[in-house]
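**Student:** Below, each chain spelled out in residue letters.
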Amino acid sequence: MDRLLFLKRSEAVGLLVLITLLVVVLPLSLDIFRLNLVGKYLTYSFVAIGLVLCWGFGGILSLGQGIFFGLGGYCMAMFLKLEASSVENTKIQSTPGIPDFMDWNQITSLPWFWVPFKSFPFTLAAIVIVPAVLCFILGTAMFRRRVGGVYFAIITQTVAAILTILIVGQQGFTGGINGITDLRTLHGWDIRTDHAKYILYFVNVAALIACLLFGYTVRHSKLGRILVAMRDKEDRVRFSGYSVAGFKTFIFCLAAVLAAIGGAMFTLQVGFMSPSFVGIVPSIEMVIYTAVGGRLSLLGAVYGTLLVNAAKTAFSESFPQLWLFGLGGLFIAVVLAFPNGLAGIYDSYVAPHIAGLFKRGRAPKPGSGVPQSTPAE
Amino acid sequence: MFYGFSITDLTSIFVMQGFAGLILFSVYVLMALGLAIIFGQMGVINMAHGEFMILGAYMTYLTSQLFLTFVPVLFPVYFFVAMIIAFCASGALGMLVEWAMIRHLYKRPLDTLLATWGLSLILQQAYRSVFGAREVGVELPEWMMGSLQVTDGIEVQINGLFVMTLTLGITVAVGYVMYWSRWGRQVRAVMQNRVMAGAVGIDTEKVDRYTFALGCGIAGVAGSAFTMIGSTGPTAGQLYIVDTFLIVVFGGAQSLLGTILSAFSISQTDSTLEFFLSGSTAKVLTLLGVVFILMLRPQGLFVLKIRK
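Top to bottom, those sequences are chains A and B.
Throughout the first sequence, residue numbering follows the working numbering, covering 1 to 377 in sequence.
Throughout the second sequence, residue numbering follows the working numbering, covering 1001 to 1308 in sequence.
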């Protein structure tokens, strides 16, 4: 059997290995503090998966994924904050029932755009819809005018800057530079206990696997092939009658929605959201994860995110001075020497050996093809 | 928003804010000029441009310290020496970076963005290790301090005037080099049609290297000028990089005139709005305006028509 559902054999094996690692190995070997950290890193890998689809396959480099990560995170944080600032909890404020930072900024009633976030279904919908709508506007405006490549990257970067300035500047409505902090419960369920952290971790992994599967669906569908064609020869695709702008907008929105889901999971697991996850620096770091993992590999994106973040934590705990040198050097090395990242190294050096092992281990039956790991595109 | 101001007040406000905007404009132009050469002409996205600028600023700081310690007599003119040192240091670093990194990436412009971002992280940490995390400022010589009283409500700072004059001089020099000198013709020829330029005997690799170095050198001078009006920290470069890219894109990447006009309009809008609204709102409105205009006119204000 060469294909499992819509996955190639090698992809299915890779996915199973990842699932085993995330569901069995890591929870058994790490304490809850570290596992929570892994969970936090995994939320970035939602963004990285989106970037693989959008940048690796679609050729659209967005330097503003932090915008969507942040929007998703802020939507979730607004809901949790409203729940945490019930009238009983905020009795000491001059206006009870509104979030504490609003009270500090002399705001006396809940702003209109906070009101709908009292409802959980609305929040869940907003996490997906708000980034998608913003993306649709940006994408339609730019791709229709055939703005691409570098210009698109710079404009998305500017939007990220605008959003950060806006969040920091409008302290009374957004919590300013500190962000929205002190989030406690989800529908009365305390999200800060160890037990809750375990549950949230597994929910996060499940969502991640679902997103990965979805990514593979896109990758193997006709849409995925059009994306690659668009990346490599945009004009030919256009002349063949496809709406290039439409496809680009779609994949950009998809990446944004994935990022937003990651952001919402981030807020749930970490317990706060702040503008430091929205701006230009985090957005570019997310691109780094993707580049290190391999911009053409969905699984690579997850591993890249985990590795870079683990290295970041390890380095900044023991050699804070060296961390930026390491990250910068890694980045330059990846771009110059390994444009396809970890996945590229795996495909060209490790995968042939594994395929060789399988060949030797199993006597090839006549008639049944020996599974060959297909080289990456 | 004009309520409560008399006509004379308003005029003074506009003139004073206009002048503040002009200083901002000068810094923007200096930063954007280097980037317009590197990004506009060569197509390289240099995210480390801000760090080259900061290198110039630190060089100026070092020079001022050296002059104070060893030749206090010459202190009033240290700035001119500092500028040359800043230009040479940033230019040399630029040349090294071009040789080690950029020249392998000319065919992959988006990857230059990622690689130079890595470079900017390394440089930032290097500055932090060498000069410390705190911001440093230079001491201005006597003649640059103070301000000129033009009328009752209007006064202009001398260091601001100096930075403006400097900007004007450098802009004219860059314009001359790029558009009238033989070397500038070679640069533009290589950027417009590399193969053909090579065929008529231009050493394209050498042109690339010196163009990149020139762009970085100008960033160094910009950093030098920057010390006249603000202090320098390891991450100061990052604050300006997005603005600068936006200016170059808004002006039309290949036009120096466009770069100057866009720097002018962005800085003036920003500083005029800043007086009436809060700083962050002014910035947001300005940037939103620019993004909006870019969506309507993605190629920027000025376009150079060339055959691809």
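Hints are computed from structural coordinates only; laboratory data are not their basis.
Hints should not be assumed to be uniformly reliable.
Unchecked claim - Now the in silico label distances, taken between C-beta atoms and shown as ranges: (1) B:Ser1129 - A:Gly188: 34 to 44 Å; (2) B:Leu1010 - A:Ser86: 45 to 55 Å; (3) B:Gly1043 - A:Phe338: 16 to 26 Å; (4) B:Gly1289 - A:Val115: 25 to 35 Å.
Bear in mind the structure is a predicted one, so any value in this text is a computation, not a measurement.
All residues carry an ideal CB built from backbone N, CA and C; glycine is no exception.
**Student:** Confirm or reject each hint.
**Tutor:** So, going through the hints one by one against the coordinates:
no.	hint	result
1	B:Ser1129 - A:Gly188: 34 to 44 Å	50 Å, violated
2	B:Leu1010 - A:Ser86: 45 to 55 Å	49 Å, holds
3	B:Gly1043 - A:Phe338: 16 to 26 Å	23 Å, holds
4	B:Gly1289 - A:Val115: 25 to 35 Å	30 Å, holds
The structure fails to meet hint 1 from the earlier list, while all remaining hints are met.
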